[in-house]
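Number of protein chains: 2
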Amino acid sequence: MTDSAATRSDAPLERPDTAAPVMEWDAWGVGEFRKQLSPQVLTLLSAALGVSAEQSPPPAESAVTLRPTTLTDDHRSGIVAIVGADHVRTDDATRLRHAGGKSTPDLLRRKDTEAQDAPDAVVLPGSHDEVLALLRWCAAESVAVVPFGGGTSVVGGVDPDRGGFAEVIALDLRRLDALVGLDPVSGIAVLQAGVTGPQAEQLLGAHGFSLGHFPQSFQFATIGGFAATRSSGQASAGYGRFDDMVQRVRVATPAGELDLGRAPASAAGPDLRELFVGSEGTFGIITEVAVRVHPTPETTAYQGWSFPDFATGAAALRTVIQTGATPTVMRLSDEAETGLNLALAGDIGGSSPTAGCLAITTFEGTQAHAKARYDEAFALLTAAGGTALGEQPARDWEHGRFDAPYLRDALLNAGAIVETLETATTWSNLSALKAAVTTALTESLTAQGTPALVMCHISHTYPTGASLYFTVVCGQAADPLAQWAAAKKAAGDAIVSVGATITHHHAVGRDHRPWMAAEIGELGGRVLRAVKDAVDPTGILNPGKLIP
Amino acid sequence: MTDSAATRSDAPLERPDTAAPVMEWDAWGVGEFRKQLSPQVLTLLSAALGVSAEQSPPPAESAVTLRPTTLTDDHRSGIVAIVGADHVRTDDATRLRHAGGKSTPDLLRRKDTEAQDAPDAVVLPGSHDEVLALLRWCAAESVAVVPFGGGTSVVGGVDPDRGGFAEVIALDLRRLDALVGLDPVSGIAVLQAGVTGPQAEQLLGAHGFSLGHFPQSFQFATIGGFAATRSSGQASAGYGRFDDMVQRVRVATPAGELDLGRAPASAAGPDLRELFVGSEGTFGIITEVAVRVHPTPETTAYQGWSFPDFATGAAALRTVIQTGATPTVMRLSDEAETGLNLALAGDIGGSSPTAGCLAITTFEGTQAHAKARYDEAFALLTAAGGTALGEQPARDWEHGRFDAPYLRDALLNAGAIVETLETATTWSNLSALKAAVTTALTESLTAQGTPALVMCHISHTYPTGASLYFTVVCGQAADPLAQWAAAKKAAGDAIVSVGATITHHHAVGRDHRPWMAAEIGELGGRVLRAVKDAVDPTGILNPGKLIP
Numbered sequence: 001m002t003d004s005a006a007t008r009s010d011a012p013l014e015r016p017d018t019a020a021p022v023m024e025w026d027a028w029g030v031g032e033f034r035k036q037l038s039p040q041v042l043t044l045l046s047a048a049l050g051v052s053a054e055q056s057p058p059p060a061e062s063a064v065t066l067r068p069t070t071l072t073d074d075h076r077s078g079i080v081a082i083v084g085a086d087h088v089r090t091d092d093a094t095r096l097r098h099a100g101g102k103s104t105p106d107l108l109r110r111k112d113t114e115a116q117d118a119p120d121a122v123v124l125p126g127s128h129d130e131v132l133a134l135l136r137w138c139a140a141e142s143v144a145v146v147p148f149g150g151g152t153s154v155v156g157g158v159d160p161d162r163g164g165f166a167e168v169i170a171l172d173l174r175r176l177d178a179l180v181g182l183d184p185v186s187g188i189a190v191l192q193a194g195v196t197g198p199q200a201e202q203l204l205g206a207h208g209f210s211l212g213h214f215p216q217s218f219q220f221a222t223i224g225g226f227a228a229t230r231s232s233g234q235a236s237a238g239y240g241r242f243d244d245m246v247q248r249v250r251v252a253t254p255a256g257e258l259d260l261g262r263a264p265a266s267a268a269g270p271d272l273r274e275l276f277v278g279s280e281g282t283f284g285i286i287t288e289v290a291v292r293v294h295p296t297p298e299t300t301a302y303q304g305w306s307f308p309d310f311a312t313g314a315a316a317l318r319t320v321i322q323t324g325a326t327p328t329v330m331r332l333s334d335e336a337e338t339g340l341n342l343a344l345a346g347d348i349g350g351s352s353p354t355a356g357c358l359a360i361t362t363f364e365g366t367q368a369h370a371k372a373r374y375d376e377a378f379a380l381l382t383a384a385g386g387t388a389l390g391e392q393p394a395r396d397w398e399h400g401r402f403d404a405p406y407l408r409d410a411l412l413n414a415g416a417i418v419e420t421l422e423t424a425t426t427w428s429n430l431s432a433l434k435a436a437v438t439t440a441l442t443e444s445l446t447a448q449g450t451p452a453l454v455m456c457h458i459s460h461t462y463p464t465g466a467s468l469y470f471t472v473v474c475g476q477a478a479d480p481l482a483q484w485a486a487a488k489k490a491a492g493d494a495i496v497s498v499g500a501t502i503t504h505h506h507a508v509g510r511d512h513r514p515w516m517a518a519e520i521g522e523l524g525g526r527v528l529r530a531v532k533d534a535v536d537p538t539g540i541l542n543p544g545k546l547i548p
Numbered sequence: 001m002t003d004s005a006a007t008r009s010d011a012p013l014e015r016p017d018t019a020a021p022v023m024e025w026d027a028w029g030v031g032e033f034r035k036q037l038s039p040q041v042l043t044l045l046s047a048a049l050g051v052s053a054e055q056s057p058p059p060a061e062s063a064v065t066l067r068p069t070t071l072t073d074d075h076r077s078g079i080v081a082i083v084g085a086d087h088v089r090t091d092d093a094t095r096l097r098h099a100g101g102k103s104t105p106d107l108l109r110r111k112d113t114e115a116q117d118a119p120d121a122v123v124l125p126g127s128h129d130e131v132l133a134l135l136r137w138c139a140a141e142s143v144a145v146v147p148f149g150g151g152t153s154v155v156g157g158v159d160p161d162r163g164g165f166a167e168v169i170a171l172d173l174r175r176l177d178a179l180v181g182l183d184p185v186s187g188i189a190v191l192q193a194g195v196t197g198p199q200a201e202q203l204l205g206a207h208g209f210s211l212g213h214f215p216q217s218f219q220f221a222t223i224g225g226f227a228a229t230r231s232s233g234q235a236s237a238g239y240g241r242f243d244d245m246v247q248r249v250r251v252a253t254p255a256g257e258l259d260l261g262r263a264p265a266s267a268a269g270p271d272l273r274e275l276f277v278g279s280e281g282t283f284g285i286i287t288e289v290a291v292r293v294h295p296t297p298e299t300t301a302y303q304g305w306s307f308p309d310f311a312t313g314a315a316a317l318r319t320v321i322q323t324g325a326t327p328t329v330m331r332l333s334d335e336a337e338t339g340l341n342l343a344l345a346g347d348i349g350g351s352s353p354t355a356g357c358l359a360i361t362t363f364e365g366t367q368a369h370a371k372a373r374y375d376e377a378f379a380l381l382t383a384a385g386g387t388a389l390g391e392q393p394a395r396d397w398e399h400g401r402f403d404a405p406y407l408r409d410a411l412l413n414a415g416a417i418v419e420t421l422e423t424a425t426t427w428s429n430l431s432a433l434k435a436a437v438t439t440a441l442t443e444s445l446t447a448q449g450t451p452a453l454v455m456c457h458i459s460h461t462y463p464t465g466a467s468l469y470f471t472v473v474c475g476q477a478a479d480p481l482a483q484w485a486a487a488k489k490a491a492g493d494a495i496v497s498v499g500a501t502i503t504h505h506h507a508v509g510r511d512h513r514p515w516m517a518a519e520i521g522e523l524g525g526r527v528l529r530a531v532k533d534a535v536d537p538t539g540i541l542n543p544g545k546l547i548p
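Sequences listed follow chains W and G, in order.
The numbering of the first sequence is UniProt numbering, which starts it at 1 and goes up by one.
The numbering of the second sequence is UniProt numbering, which starts it at 1 and goes up by one.
Treat each hint with caution, since some may be false.
Identical copies carry no separate label here, and so any pair may be met within one copy or between two of them.
Claimed, not checked - Derived SDA-like pairs: lysine to any residue, alpha-carbon spacing no greater than 20 Å straight-line:
1. 371 - 326
2. 489 - 259
3. 35 - 308
4. 489 - 413
5. 35 - 21
6. 489 - 384
7. 489 - 366
8. 371 - 198
9. 371 - 323
10. 35 - 73
11. 532 - 140
12. 371 - 167
Derived by calculation from the structure, the hints in this document are not laboratory data.
Use the sequences and the hints to build the structure in full.
Here it is as structure tokens:
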């Protein structure tokens with residue numbers, strides 16, 4: 001296949017100024033940003049949810065034991081022959097940092113001092129061809145492979161599941177961190193899979209461009225992971241979901257390679273890009289992605305809003321997106337989330353309203369474009385019952401938008417369970433979905449003796465519907481893993497029962513797999529397995545994930 | 001699976017006021033709209049291309065012979081048991097009207113008085129369940145099935161290819177013509193597959209909504225066909241391609257049924273909707289589609305533009321779409337198309353400019369939205385070198401926008417070859433693509449002794465690229481089928497060689513199948529065949545189409 005000049009370049013690879021950080025083994029992110037809870041918050045937790053801070057301190061890394069590696073010397077030599085000795089790691093520190101993702105259950109499991117599961121080796125290929133060679137070798141040698149980008153999965157997507165094989169490796173893509181090419185006329189950048197969010201912005205920013213993909217995981221997650229999991233960023237109203245941005249994917253599979261996507265749009269049959277985007281490492285490993293990028297915005301307009309209640313706010317957002325007056329960011333917190341955020345910010349009694357629901361809008365682009373959108377949306381939101389709060393709430397939100405997972409770690413260590421889950425449905429079904437999930441979570445946790453605070457926001461809107469993102473806070477029960485598993489099952493069943501999707505942007509992984517049959521039907525599952533057999537006939541790729 | 005209330009309704013089916021028209025057996029559309037060529041045009045054809053009007057008149061329908069049906073009595077009874085005797089047709093008039101689509105080669109073949117191929121029966125199921133039962137029966141009895149909507153394919157998509165089976169039926173979906181449900185809050189309508197473009201607008205218009213999908217085939221093509229072929233309408237800038245509009249598809253296959261799409265957006269693995277959308281009847285038959293609809297626009301603003309040359313015009317369109325100041329319709333004709341259209345309209349020397357390139361923009365929506373977009377785009381197009389021509393060129397284009405295929409028939413009968421083809425690529429590759437295709441067509445046809453006029457327009461724009469639509473006019477050679485096949489092969493090879501997609505909105509069918517391996521690679525072809533084996537294990541569905 002001849003490559004389009006627009007999406008492949010012979011220019012030298014451009015690499016980021018700084019390597020991607022490695023996240024803490026037992027917490028989100030990097031230690032310097034760890035949060036302390038204020039006495040006010042601890043009092044609130046105790047008073048509202050009965051959470052006691054008298055927890056035993058989490059174990060030190062030295063107290064953690066891993067199941068020893070089962071990688072044979074022959075197999076180690078085989079892998080070294082492909083990637084070099086420097087890029088095969090079997091030390092416990094590296095294995096522990098690839099033992100799972102960053103869901104609350106993951107973090108609870110990491111702190112377990114019983115022997116933990118972990119990949120038998122962490123392998124760091126340096127090129128697409130090395131990935132392809134590794135997959136062929138692993139298929140021939142019956143070694144399972146778990147692709148690993150930023151390790152930010154919250155659905156068990158990077159669990160080191162052996163799937164019946166004797167060995168499993170984590171295939172860490174961090175060395176694939178280059179900007180391969182940039183087509184400034186078409187607004188297309190080709191990025192290797194291991195480029196992180198900040199690295200992408202740095203590489204593109206040097207040329208006056210931005211990707212504009214800012215999910216909660218932005219600081220650590222990778223381009224390949226965004227594509228493999230159908231990530232959606234906070235600016236999705238303006239720039240689309242990551243799957244919308246993907247122009248082309250290059251995929252290595254045990255059966256060979258694929259290079260899919262030859263135009264911005266095509267009628268050349270089924271869109272196979274859409275089969276590999278979202279395949280979560282079960283069909284192949286995405287090594288390179290051509291993505292839509294845009295010029296660094298000339299300006300950003302900010303506006304915060306207050307709505308008397310969630311239904312009014314949701315209807316207002318709906319009017320804006322259906323009219324086409326699309327902001328770059330548009331989100332709406334429900335009454336509970338609005339209240340708690342103000343409480344955590346210590347802003348109760350301040351200038352912001354403490355009742356009702358807070359919404360955030362931002363508008364990026366050229367001066368003329370941002371102003372036109374701002375003016376149109378301002379009129380629509382006002383007419384729909386919104387009260388403009390000025391710039392500050394939107395600027396505050398932007399300033400703190402990557403902090404929530406750090407706060408979760410602090411709350412976990414204070415004896416609380418904090419976890420999130422998300423879904424999406426049509427506008428007409430949104431209220432029923434919100435009620436069903438809230439009820440399921442509340443009833444499950446209350447029945448377990450841990451009354452919960454359930455908060456919700458809309459963070460992604462479409463002409464036909466929206467996502468709902470729930471945050472749950474409650475006290476830890478004696479077995480917090482079992483406690484959350486029961487609540488999660490209740491929520492997932494509720495989502496399916498009202499006809500919503502089991503995940504809007506967290507992906508399926510291991511945790512949502514029980515509901516995949518409800519999502520795509522029995523025959524849909526057979527179709528996925530048929531594709532899997534064609535590209536991964538021995539089944540080494542990410543066992544136990546996604547495919548029902 | 002529980003259905004979302006939003007996309008399925010228990011309300012009674014609403015049916016259109018008028019049945020879909022049946023197109024002429026030997027021409028596009030219906031006879032009352034047939035066009036006569038003016039003496040001026042005939043003179044132009046003769047002078048510019050040496051086309052002589054001294055052709056023998058096309059044959060009458062009574063002069064056409066069809067290969068006799070091979071449907072056995074047993075098989076006829078089997079089908080009658082499923083759909084009823086009234087809905088199984090084996091008469092020659094019906095078979096002839098299902099013998100192919102409406103490409104220029106199709107029309108040339110229809111006029112052949114040698115025995116023509118045709119389906120052995122035309123079967124008209126009345127429900128999803130009947131389609132499902134038919135497919136199971138056909139799989140068991142080894143009868144090939146060609147799904148048939150409006151019959152507007154221009155790529156051989158409805159050719160009655162037996163694929164090694166003794167019998168083939170055309171499965172005509174015209175009885176599935178109902179609006180199943182409408183969710184006005186979410187803007188989602190559920191339409192059966194056989195609803196035509198005008199029927200959809202009538203059914204939705206009664207509720208104050210519009211689909212806004214206006215491809216050239218609008219007057220005859222169907223919802224199921226739009227989905228199965230990834231149709232793209234003239235208002236795609238505003239309302240998206242048809243594949244963008246699809247929320248949910250219900251598909252009958254020999255292996256069972258699928259109901260795909262549970263939310264406006266999802267991260268629940270590969271998007272299987274995108275595997276069945278565009279599957280052209282080779283994986284199953286789409287019986288029902290939930291589509292995004294919008295309120296009937298309050299207003300439409302029109303503006304025509306003149307650009308000094310195609311490159312300047314294309315750069316202007318690019319600026320508009322990349323900035324986000326998106327019109328509802330935005331198209332640009334090249335110098336040749338601009339000149340010929342003016343010549344055909346008898347407008348040479350009139351008020352419109354005769355040099356340069358004509359562009360059309362329209363802006364629909366609420367008053368505020370249309371005005372905001374109009375103002376922003378007006379400023380951008382002016383700054384990019386455009387001269388505003390006022391409303392009239394855009395209104396004239398809208399008035400005549402479904403006429404071109406009728407003109408083609410008149411030109412064919414006057415001894416010309418007229419055919420179209422289309423592709424898409426990135427903005428940076430657009431000029432190279434246009435040059436390569438124009439050169440390939442011109443050189444191929446000139447070498448065959450029939451110098452050609454090759455015209456081109458951009459009719460679909462995206463932030464990263466655009467479509468190119470070519471119209472070719474030349475004199476008919478002694479064997480016009482072979483003449484066009486050679487030109488088409490040269491154009492297809494040129495498209496592939498510059499890295500563009502082999503089709504932007506005409507689909508693959510039989511005619512583009514030779515280039516599918518170049519489009520998706522060898523492994524991509526294996527993936528398609530694996531899916532096919534899972535849903536159509538005996539291979540009865542639309543043999544010879546799409547899958548390489």
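Against the structure, the hints come out as follows:
no., hint, verdict
1, 371 - 326, "both (12 Å within a copy, 15 Å between copies)"
2, 489 - 259, "neither (38 Å within a copy, 24 Å between copies)"
3, 35 - 308, "neither (32 Å within a copy, 61 Å between copies)"
4, 489 - 413, "neither (24 Å within a copy, 68 Å between copies)"
5, 35 - 21, "within (18 Å within a copy, 69 Å between copies)"
6, 489 - 384, "neither (36 Å within a copy, 56 Å between copies)"
7, 489 - 366, "neither (46 Å within a copy, 44 Å between copies)"
8, 371 - 198, "neither (28 Å within a copy, 38 Å between copies)"
9, 371 - 323, "both (16 Å within a copy, 13 Å between copies)"
10, 35 - 73, "neither (43 Å within a copy, 79 Å between copies)"
11, 532 - 140, "within (16 Å within a copy, 27 Å between copies)"
12, 371 - 167, "neither (57 Å within a copy, 63 Å between copies)"
In terms of the numbered hints stated before, the structure departs from hints 2, 3, 4, 6, 7, 8, 10, 12, listed from lowest to highest.
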